[in-house]
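The lines below spell out each chain.
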Amino acid sequence: MTPNRALIPALLVACILAVFTACLLGSTPMPIDRVLLALFGSGEVADQIVVWQIRLPRALAAFATGAALGISGAGLQGLLRNPLAEPGVLGVSASASLFATFSLYYGLVALSPWVLPIAAMLGALAATALIALAAIKTRSVVTLILVGVGISAFAGAAMSLLMNLAPTPFTLSDMINWMLGSVANRSFRELGFAAPFIIGGGAILLTSRRGLSALTLGEEAASGIGLNLRNQRILTVLGAGIATGGSVALAGAIGFVGIVAPHIVRPFVGHDPARSLIPSTLLAGLILVLADIGVRILPTVNELKLGVVASLIGAPAFIWIAMGRRAIHD
Amino acid sequence: MTELVAEKLSVHAGRTPLVTEANFLIGAGEFVALIGPNGAGKTSLLRASLGLERASGGRASVNGDNSAELAPMERARRVAYLPQQRPLAWPNTVRDVVALGRYAYGAAPGRLGNQDADAVDRALMKCGLEELATRQTDTLSGGELARVHFARALASEAGLLVADEPVAALDPRHQFRIMDIIQQYVAAGGGALVVLHDISLAARYASRMIWMKDTCIVSDGPVEDTLTAERMAEVFGVSAKVAGRAVEIEGAV
Numbered sequence: 008m009t010p011n012r013a014l015i016p017a018l019l020v021a022c023i024l025a026v027f028t029a030c031l032l033g034s035t036p037m038p039i040d041r042v043l044l045a046l047f048g049s050g051e052v053a054d055q056i057v058v059w060q061i062r063l064p065r066a067l068a069a070f071a072t073g074a075a076l077g078i079s080g081a082g083l084q085g086l087l088r089n090p091l092a093e094p095g096v097l098g099v100s101a102s103a104s105l106f107a108t109f110s111l112y113y114g115l116v117a118l119s120p121w122v123l124p125i126a127a128m129l130g131a132l133a134a135t136a137l138i139a140l141a142a143i144k145t146r147s148v149v150t151l152i153l154v155g156v157g158i159s160a161f162a163g164a165a166m167s168l169l170m171n172l173a174p175t176p177f178t179l180s181d182m183i184n185w186m187l188g189s190v191a192n193r194s195f196r197e198l199g200f201a202a203p204f205i206i207g208g209g210a211i212l213l214t215s216r217r218g219l220s221a222l223t224l225g226e227e228a229a230s231g232i233g234l235n236l237r238n239q240r241i242l243t244v245l246g247a248g249i250a251t252g253g254s255v256a257l258a259g260a261i262g263f264v265g266i267v268a269p270h271i272v273r274p275f276v277g278h279d280p281a282r283s284l285i286p287s288t289l290l291a292g293l294i295l296v297l298a299d300i301g302v303r304i305l306p307t308v309n310e311l312k313l314g315v316v317a318s319l320i321g322a323p324a325f326i327w328i329a330m331g332r333r334a335i336h337d
Numbered sequence: 007m008t009e010l011v012a013e014k015l016s017v018h019a020g021r022t023p024l025v026t027e028a029n030f031l032i033g034a035g036e037f038v039a040l041i042g043p044n045g046a047g048k049t050s051l052l053r054a055s056l057g058l059e060r061a062s063g064g065r066a067s068v069n070g071d072n073s074a075e076l077a078p079m080e081r082a083r084r085v086a087y088l089p090q091q092r093p094l095a096w097p098n099t100v101r102d103v104v105a106l107g108r109y110a111y112g113a114a115p116g117r118l119g120n121q122d123a124d125a126v127d128r129a130l131m132k133c134g135l136e137e138l139a140t141r142q143t144d145t146l147s148g149g150e151l152a153r154v155h156f157a158r159a160l161a162s163e164a165g166l167l168v169a170d171e172p173v174a175a176l177d178p179r180h181q182f183r184i185m186d187i188i189q190q191y192v193a194a195g196g197g198a199l200v201v202l203h204d205i206s207l208a209a210r211y212a213s214r215m216i217w218m219k220d221t222c223i224v225s226d227g228p229v230e231d232t233l234t235a236e237r238m239a240e241v242f243g244v245s246a247k248v249a250g251r252a253v254e255i256e257g258a259v
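Residue numbers (our numbering), protein chains in the order written: chain A, 8 to 337; chain B, 7 to 259.
Do not take every clue at face value.
Here are some, though not all, of the chain A residues that point toward chain B, as calculated from beta-carbon distances under 8 angstroms [said to hold, decoys possible]:
1. 38
2. 137
3. 139
4. 141
5. 210
6. 220
7. 227
8. 233
9. 235
10. 279
11. 281
12. 282
Computed spacing ranges between beta-carbons, pair by pair [unchecked claim]:
13. A:326 to B:43: 42 to 52 angstroms
14. A:143 to B:77: 16 to 26 angstroms
15. B:112 to A:51: 51 to 61 angstroms
16. B:90 to A:156: 27 to 37 angstroms
17. A:16 to B:13: 48 to 58 angstroms
18. A:156 to B:112: 35 to 45 angstroms
19. B:203 to A:140: 29 to 39 angstroms
It should be emphasised that the hints constitute simulated quantities derived from the structure, not laboratory data.
Using N, Cα and C, we set each Cβ at its ideal position, and we do this for glycine too.
Chain A extracted, bound-state conformation (with noise of 0.2 angstroms):
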């Protein structure tokens, strides 16, 4: 069970292939040497534009937001010690993108392109926070999920609220794709605004991960063997809320890449929750980046949103790890 070492590398390739193919696909298929001169900067100008100003961004936006929530998802389910705690099941990209809406609908987004990812991010760190104080509370884990869901419940319904109250059908549409999340028409700007939270938020996880090793001890012996338990906390939900609100501000609420992405990758890298780190981001932006394309290019009138299609994915994925645990690990 030695962790595997071609697990990065082979992840790294593929999700550069996979945003490579993204460039490639689409409503008008590209070839590769026109997607290739187009990339370093020759060949129609045309080509340049779809490629620099449409599907290039939009795969990197889809790719950073699944990474920030595989690293964020992992890095919660190192603090709590159950892979079921993920930034959508937890509640916290729901209360992300409530705060996101709530900015929207009362314009104050028109004050500084900062404040979405700022109001997502804030929104983020509450629900995080809420749930490491029921942490310190509570060891059941099914308690953690139920605040979480709680959370959610409470989100879901204040969006409602806004949408019932929205003045115009524009914030109508414009809220419907925060809370189902989405890539579609994402420029380097809107990933520009977002990415230093989720490279912050990710730079604090990695920094800290080896304390959720530690973690898997159970807090006690983990604070024997010389872990910190306050600040670990402190840093991993900082680290999981910030990524959280940079995704969230990006993309909308996604759900469930960030359980999909550690279940997988915890097998490879010996069950070691710090290990998981790096493979958890890679894949989760592989697995969006890869849903992204099949949303664009499947035959729909109205175009899927990714965060429907991760979630019609996820969440049986879910269920299934749910069922196959054993109590003992509760």
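Add chain B to chain A, keeping to what the hints say.
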């Protein structure tokens, strides 16, 4: 060489006293059994003496430094602590779990320096786990798991071992194996403070016994001096026949 000292150490949960003015000193080469009925305050005393639980009064120190102010890493390098609850969240390999004993030295599973790897190997050997090193922990029996946790504690190579009911729920053979491992550790110059519920096992192995009842330490001394029929009745409420280090419990008083 590590010395763990408690001076008038008290612990309260809200207004309920859990430990009242406990004093003890544990040094190298001592195998101290901490015994007492359920709820006597043994676990709270251990935790407070290590600074893992806030004391409401008194002071505890490790090698002279106040436990409550000791950085977690520094404490872990001086004292190996094996708590009562030992959940394992993930099905890691035995070697990876034992490697966590080196956490305080900056190591992580899959990222062990030479010294760390050697310490892990030694701990695996002492606990007879070489063959099981690559097995996943969710495939082990209770007795094997208990040895894995012990190896994890030994891997830190700290001077003092504090273990809370390390042999609970083990069959007699595994109980003896664990006790033998502690004995070897003490013979090699370590000190051990171990909570035990099996009085005869404690009497057989320990060099000293600390008796706790109703939040207080009621007696502390060599087994031969402190293990008496009267004390068994007073602390545990049982009638027992005591002959030297042998004790036979006959029933509740």
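Checked hints:
no.	hint	verdict
1	38	43 angstroms, violated
2	137	22 angstroms, violated
3	139	17 angstroms, violated
4	141	18 angstroms, violated
5	210	18 angstroms, violated
6	220	5 angstroms, holds
7	227	4 angstroms, holds
8	233	3 angstroms, holds
9	235	5 angstroms, holds
10	279	5 angstroms, holds
11	281	6 angstroms, holds
12	282	6 angstroms, holds
13	A:326 to B:43: 42 to 52 angstroms	45 angstroms, holds
14	A:143 to B:77: 16 to 26 angstroms	21 angstroms, holds
15	B:112 to A:51: 51 to 61 angstroms	55 angstroms, holds
16	B:90 to A:156: 27 to 37 angstroms	31 angstroms, holds
17	A:16 to B:13: 48 to 58 angstroms	57 angstroms, holds
18	A:156 to B:112: 35 to 45 angstroms	39 angstroms, holds
19	B:203 to A:140: 29 to 39 angstroms	35 angstroms, holds
When held up to the earlier numbered hints, the structure conflicts with 1, 2, 3, 4 and 5 and fits the remainder.
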